[in-house]
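Chain residues, written in single-letter form:
2 protein chains.
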Amino acid sequence: MIFSSSLLENAVNEFAKLPGIGKKTALRLVLHLIKQDEASVKQFSGAIAHMRESLQFCNRCHNISDTPVCNICSNRGRKQELVCVVENIRDVIAIESTQQFNGLYHVLGGIISPLDGVGPDQLTIESLVARVKEENISEIIFALNANVQGDTTVYYINKKLKGLPVKITTIARGIAFGGELEYADEMTLAKSISNRIPVENYISTGN
Amino acid sequence: MIFSSSLLENAVNEFAKLPGIGKKTALRLVLHLIKQDEASVKQFSGAIAHMRESLQFCNRCHNISDTPVCNICSNRGRKQELVCVVENIRDVIAIESTQQFNGLYHVLGGIISPLDGVGPDQLTIESLVARVKEENISEIIFALNANVQGDTTVYYINKKLKGLPVKITTIARGIAFGGELEYADEMTLAKSISNRIPVENYISTGN
Chain U
1 MIFSSSLLEN AVNEFAKLPG IGKKTALRLV LHLIKQDEAS VKQFSGAIAH MRESLQFCNR
61 CHNISDTPVC NICSNRGRKQ ELVCVVENIR DVIAIESTQQ FNGLYHVLGG IISPLDGVGP
121 DQLTIESLVA RVKEENISEI IFALNANVQG DTTVYYINKK LKGLPVKITT IARGIAFGGE
181 LEYADEMTLA KSISNRIPVE NYISTGN
Chain F
1 MIFSSSLLEN AVNEFAKLPG IGKKTALRLV LHLIKQDEAS VKQFSGAIAH MRESLQFCNR
61 CHNISDTPVC NICSNRGRKQ ELVCVVENIR DVIAIESTQQ FNGLYHVLGG IISPLDGVGP
121 DQLTIESLVA RVKEENISEI IFALNANVQG DTTVYYINKK LKGLPVKITT IARGIAFGGE
181 LEYADEMTLA KSISNRIPVE NYISTGN
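First to last, the protein sequences are chains U and F. With our numbering applied, the first sequence covers 1 to 207. With our numbering applied, the second sequence covers 1 to 207.
Treat the hints with care, as some may be off.
[Stated by the list, open to error] With a straight-line Cα cutoff of 27 Å, these simulated DSSO-like cross-link-like pairs (lysine-lysine) come out:
hint	chain 1	residue 1	chain 2	residue 2
1	U	K42	U	K23
2	F	K42	U	K17
3	U	K23	F	K24
4	U	K24	F	K24
5	F	K42	F	K79
6	F	K35	U	K42
7	U	K42	F	K17
8	U	K42	F	K42
9	F	K24	U	K17
10	U	K35	F	K17
11	F	K159	F	K133
12	U	K35	F	K24
13	F	K42	U	K23
14	F	K17	U	K24
[As the list claims (entries may be wrong)] Computed, partial: chain U to chain F, Cβ under 8 Å:
hint	residue
15	L27
16	L31
17	V41
18	H50
19	D66
20	V69
21	S74
22	Y155
It is worth saying that the hints were derived from the structure and are not from the lab. Don't be surprised by glycine CBs; every beta carbon is placed ideally from N, CA and C.
Whole structure, please, built from the sequences with the hints as guidance.
Structure (structure tokens):
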């Protein structure tokens, strides 16, 4: 692409560095911003610069936060003894959006994946073990993806927590609501049968 | 989406204002920026803010420019008497990328489209007529999209330029290189036959 303006070119190149955004999309986005008034573009660039400068990670759960301890951890209305272990911040947002979980989180910052060069030391596993020892945590719920890396991570942390007085669970696997039995994969279907639940429990969850 | 950080939320909302970017994509882009070092994020936000503040439009051809007259108009090596009329800046970039056109441009800033509320007065048509009168322009080439709005615009400007000593042409329509005859629409195929060119001309363009 040949540009008549180096300012335009710089802006397009910066956008094109973002994942999944090519040069043509970058140009489209920049031309959109050019059409906006100066104040809204300033607001856009300001929000991003300010976020990167001021954003912190919660000392306790490692979630993204505006303060040293995030607003989930510091919310006394939430069950302090229940901790849900997730891979990243996106998972926290997904679970929070259900509005069904009232405990705290622990963000690992990834999962154990030797092929990608991610070992246990790069994750916040030590910090989780320390929390279990220091805080009054009664249950750890693993909400990791069901794949080799997720299972390895569950297995490793489970071993690390051995002997500590804490209940360890993982989220249920099964057929999704609205999912059709005939299209479910065999493993999910088999697990949903072996992990069947009494109908009273099913009804009491409101379904 | 429920965020644990208002800084994160603001940044995601700003990205989600861009065309074709939803909340989930916005979150993905912001989380990518969080992982970058502070200097690159500053460079990103700076490039955009700086562009919007400092960008100008060329006084002559209305293309985007860093200076009052753009580097295409001020390039004495280009044919000053040949002007290509295009709808927007994207079209200038597309034609410049071919490296086959050595004249100047005139960016209309849109096309006449009554349904979208765009009339001739919102475009730089008066400025084009003034250029034809004042500058020594021998040929105007229309490079507008071949649809009702494009044709209306060509018709309108053509009428405005009536009586002025300038040749008016439009870019050729026909079957694209690599395009298959059997999949071409009837209008394009019919036009490509009625506007057929001598084989010598075809060979001399290097194909």
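Hint check:
1. U/K42 / U/K23: holds, 22 Å
2. F/K42 / U/K17: holds, 14 Å
3. U/K23 / F/K24: holds, 21 Å
4. U/K24 / F/K24: The hint holds at about 21 Å.
5. F/K42 / F/K79: This hinted pair is violated, its Cα atoms lying about 41 Å apart.
6. F/K35 / U/K42: holds, 22 Å
7. U/K42 / F/K17: Measuring from Cα to Cα gives roughly 14 Å; hence the hint holds.
8. U/K42 / F/K42: With a Cα-Cα distance of about 13 Å, the restraint between U/K42 and F/K42 holds, given a limit of 27 Å.
9. F/K24 / U/K17: holds, 18 Å
10. U/K35 / F/K17: holds, 13 Å
11. F/K159 / F/K133: holds, 15 Å
12. U/K35 / F/K24: holds, 24 Å
13. F/K42 / U/K23: holds, 20 Å
14. F/K17 / U/K24: It holds: about 18 Å lies between the C-alpha atoms, which stays within 27 Å.
15. L27: Given a least distance of 7 Å, the restraint on U/L27 holds.
16. L31: holds, 7 Å
17. V41: U/V41 check passes; min Cβ-Cβ to chain F is 4 Å, inside 8 Å.
18. H50: Constraint on U/H50 satisfied, holds at 6 Å.
19. D66: holds, 5 Å
20. V69: violated, 11 Å
21. S74: violated, 10 Å
22. Y155: At about 27 Å, which exceeds the 8 Å cut-off, the nearest Cβ of chain F leaves the hint on U/Y155 violated.
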